[in-house]
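With chain G's structure known, arrange chain X on it following the hints.
Top line first, the protein sequences correspond to chains G and X.
Using this note's numbering, you'd call the opening residue of the first sequence number 1 and step up by one each time.
Using this note's numbering, you'd call the opening residue of the second sequence number 1 and step up by one each time.
Be aware that a few hints might be false.
Under 7 Å between C-beta atoms, here's a sample of chain G residues computed to sit facing chain X [said to hold, decoys possible]: (1) Leu53; (2) Leu55; (3) Val56; (4) His57; (5) Gly61; (6) Ile77; (7) Gly83; (8) Ala102; (9) Leu103; (10) Ala105; (11) Cys280; (12) Ile283; (13) Val285.
Hints were generated in silico from the structure; no laboratory data involved.
Yeah, the Cβ is synthetic: ideal placement off N, Cα and C, and Gly gets one too.
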Amino acid sequence: MTSRVALEAIGVSKRYGSRNVLNEIDLTAERGSVHGLLGPNGAGKTTLLRILLGLVHRDAGSIRLLGRPLESRGGSIAGDVAGIVDAPAFYPYLTGRQNLAALAALDRDGRSSRRCSVDEALEQVGLAEHANDRVAGYSAGMRQRLAVAAVVIRAPRLLLLDEPTSALDPRGMRDIRALARRLADDDTAVVLSSHDMSEVEELCATVTVINGGRVVFSGAVNELRQRAPAAVYLVRTSDDETACLVASTHRGVKVTAVERGLEVSADVAALDAYVIALGCAGIAVRALDRRVRSLESLFLELTRPAADAGTAAAIHDAHHNEASPVLS
Amino acid sequence: MSITGVRAVVGVECMKLAAQIKTQLVLGLCIVGPFLFAAAIHMQSSLPTDTLFGRAVKESGFAVSLVVLGFAALWVVPVLASVVGGDLFASEDRHNTWKMLLTRSRSRADVFVGKLIVALGFSFVAIALLAVSSIAAGIFIIGPGSLIDLSGIVRPPDEAWRRVTLAWMSILPAAFTFTALAVVLSVVSRSSIVGIGLPVVAGLTMQLVAMVDGPDLIRRLLITSGFEAWHGLLAAPLFYQPLLRGTIVCAAYFVICIAIAYDRLRRRDVAG
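So here's chain G without its partners, still in its complex pose (with noise of 0.2 Å):
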């Protein structure tokens, strides 16, 4: 029976100088997922995807794609593994359509029954009225939408995306999350990194968080999901000093007073019984917006720096600094 595991990195190091980059990163991905790989700027997100690709040598572990071991040093990666680090960059004397031919043409051959042309990747990421100008006429957006293409012509089973979507508009974030899925369902192993919570857990079945260089969480997003505390909403009332008296009487329900409300941290079921007690209480909801979801909360929790030790409740006060004492 075929192994489902695309990507095998166990022990993964890197050390810049006296600086230790990556300190023993393990990461799996299976195929037919998309694997969400969250992180701080500078946690070593871009640094392990560029190990992952060939690009950085590694200083320890060992890293297997698609069963096939990545060499340490100055070896290729397999046809049928791709990624995009970085912000893309292409040649801007050739056109679009030179470019994808030369990677094209450095591509190993073999699997041509899944490679799709030059002319049908353009069609796909809607370059193609624009296949012939030079890119150094393209915009950040177009290039990323290049990228993809010099990706789809390769018809990956392992993918591997550095923030994928960060230059691109709403309707090139639509199209890049719809790829990163139908590879998936094509039984691609999609690895994605992102800043973005709402788009890792749209997209990700899995995810691993790092810190500082070292792995803080790995498992299914719903685990994640059950470890996260509770979301933190910000309401207005019409007496926010009685509401403030009221929470003190309902478990589950943190209330702290800020400058433009009350800032209520709790689950869905115990938000909703504390607005029905507020009604009852003869105290109006003017307003309700959640602040803070449940995951990013998480998320903040597992990648604040070390030395900020300290209670869920402040790390909410370290995001916001308006915020005034617990009351309840």
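This is chain X only, laid out in the frame that chain G set:
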């Protein structure tokens, strides 16, 4: 490293070169330049008497080619040899395209060897065009007269063109070494300016060192000594020792430059 991989890289690099105006311009100048020179010689009354075969440029078209060769060896050949080799690697840094190139399932060895072949190939083509163009310009504008060699012996046209062709071929080892120098400087500095400019400066410096009355050993260890070895092919009796010595010196420089360049590229982390 695989032959198919190297072939793929060569194909892509050739396509990239063909699309660049710089390449077309340089090759165009290699063709047109000798014709302009021969035409200028033909029209003016004075002769370039301070150069080898300068006195004979109005008598034999082959002398025109040898004057072009002598002049080109000073600085044109280092430029031709480094204009592509000094840019082929550094341009990937300039355009930030290493990450795209190295994630296409060709090994770094494939990429290095492919680019090196293209750099050497371009140097060969440029010098070959210059040689053919200078011989053709001499024959068409001045005429295919007999050539008086450095020993004063008259060489008929059928022998003269063979010797002139060999003279042009004799500078190839030195030219390829300048290409290797350009490659290593390009890989190490990641700058096209350094990759192209420094070999030219090095070539001029070596010519100056060769002119001053220094130790003979130093002169023999210069890459540019290979640019003068053709004198032995136009004398009687023929002497090949400078050619052999120059080729060995160039080969040593070539191997060292290429080894350093490959090692640097293989070890390099492509980040940012």
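Hints and how they fare:
no., hint, verdict
1, Leu53, "5 Å, holds"
2, Leu55, "4 Å, holds"
3, Val56, "4 Å, holds"
4, His57, "6 Å, holds"
5, Gly61, "15 Å, violated"
6, Ile77, "6 Å, holds"
7, Gly83, "6 Å, holds"
8, Ala102, "5 Å, holds"
9, Leu103, "6 Å, holds"
10, Ala105, "5 Å, holds"
11, Cys280, "59 Å, violated"
12, Ile283, "55 Å, violated"
13, Val285, "50 Å, violated"
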